[in-house]
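Make a model of the complete structure from these sequences and hints.
Protein chains: 2
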Amino acid sequence: MTHAEKTVSHKKPSIEIIKNGPYIVKNVDNLINSQGVPIPAQPVMALCRCGGSNNKPFCDSTHNAINFEDDKT
Amino acid sequence: MTHAEKTVSHKKPSIEIIKNGPYIVKNVDNLINSQGVPIPAQPVMALCRCGGSNNKPFCDSTHNAINFEDDKT
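Chains as they are written, first to last, in our numbering: chain A, 29 to 101; chain B, 29 to 101.
Certain hints may be false.
No copy labels: a pair is met if it fits in one copy or bridges any two.
Said to hold, decoys possible - Straight-line C-alpha distance at most 20 Å; calculated SDA-like pairs for lysine to any residue:
#1 Lys-39 x Gly-80
#2 Lys-40 x Val-72
#3 Lys-47 x Ile-94
#4 Lys-47 x Val-65
#5 Lys-40 x Asn-58
#6 Lys-39 x Asp-98
#7 Lys-39 x Asn-58
#8 Lys-54 x Asn-95
#9 Lys-47 x Ala-93
#10 Lys-54 x Ala-74
#11 Lys-84 x Asn-58
#12 Lys-47 x Pro-68
#13 Lys-47 x Asn-58
#14 Lys-47 x Gly-64
#15 Lys-54 x Gln-70
#16 Lys-40 x Gly-64
What the hints contain is simulated information worked out from the structure, not anything from laboratory work.
Below, the structure is given as structure tokens:
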């Protein structure tokens, strides 16, 4: 078993999609930026889904300002 | 302890951010759409981060077509 495959005890992780809004991520401790550097994670986080946040990867409600419409899911 | 707080044994969940690209989500079984309906999840999934995918919530490489640039994270 590799390190990546190690089984850990953890609260149930989930990702809930908000209509025309962000991903609500729960219980995912390991958030890694595009340089491979861990970002401090919270038990509940809203991650940008519209591509427009000025606080990426987190939601800053820009989806409302740009009228992001998700006609799927 | 509520149902939501139940501790489960699970492979380590993570979200890795791809530069100018999607979220790579690993070991998150619970993916819920904006109607509250679970979406079949895979051990590794690429979720749209640019807002432009035609296969939301999954990445379809539209970030390349629209030259999505993520100057943060």
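Going through the hints against the structure:
1. For a Cα distance limit of 20 Å, the shortest separation of Lys-39 from Gly-80 qualifies neither inside one copy, at 30 Å, nor across copies, at 31 Å.
2. Taking the closest pair of Cα atoms, Lys-40 and Val-72 come within 20 Å of each other both inside a single copy (12 Å) and across two copies (16 Å).
3. Taking the shortest Cα distances, Lys-47 and Ile-94 sit within 20 Å of each other inside one copy (14 Å), while across copies they are farther apart (22 Å).
4. In this assembly of identical chains, the alpha carbons of Lys-47 and Val-65 lie at most 20 Å apart only when taken from different copies (12 Å versus 30 Å within one copy).
5. For the homomeric pair Lys-40 and Asn-58, the shortest alpha-carbon distances inside one copy (14 Å) and between copies (8 Å) are both at most 20 Å.
6. Taking identical chains as interchangeable, the C-alpha atoms of Lys-39 and Asp-98 are never at most 20 Å apart, the minima being 29 Å within one chain and 30 Å between chains.
7. Taking identical chains as interchangeable, the C-alpha atoms of Lys-39 and Asn-58 lie at most 20 Å apart whether they share a chain (13 Å) or sit on different chains (12 Å).
8. Proximity of Lys-54 and Asn-95 under a CA criterion of 20 Å is satisfied in neither setting, with 25 Å inside one chain copy and 29 Å between copies.
9. In this assembly of identical chains, the alpha carbons of Lys-47 and Ala-93 lie at most 20 Å apart only when taken from the same copy (15 Å versus 24 Å across copies).
10. Both within a single protomer and between protomers do Lys-54 and Ala-74 lie at most 20 Å apart by alpha-carbon distance, with minima of 9 Å and 17 Å respectively.
11. For a Cα distance limit of 20 Å, the shortest separation of Lys-84 from Asn-58 inside one copy, 16 Å, qualifies, whereas the shortest one across copies, 23 Å, does not.
12. When the C-alpha separation of Lys-47 and Pro-68 is checked against a cutoff of 20 Å, the pair qualifies only between copies, where the shortest distance is 18 Å, while the shortest distance within a copy is 26 Å.
13. Only between protomers do Lys-47 and Asn-58 lie at most 20 Å apart by alpha-carbon distance; the minimum there is 17 Å, versus 25 Å within a single protomer.
14. Taking the shortest alpha-carbon separations for Lys-47 and Gly-64, only the inter-copy value of 10 Å comes in at or below 20 Å, while the best intra-copy value is 29 Å.
15. Proximity of Lys-54 to Gln-70 under the C-alpha cut-off of 20 Å is found in both arrangements, the shortest distances being 8 Å within a copy and 17 Å between copies.
16. Only between protomers do Lys-40 and Gly-64 lie at most 20 Å apart by alpha-carbon distance; the minimum there is 16 Å, versus 24 Å within a single protomer.
Taken one by one, the earlier hints fail for this structure at numbers 1, 6, 8, listed in ascending order.
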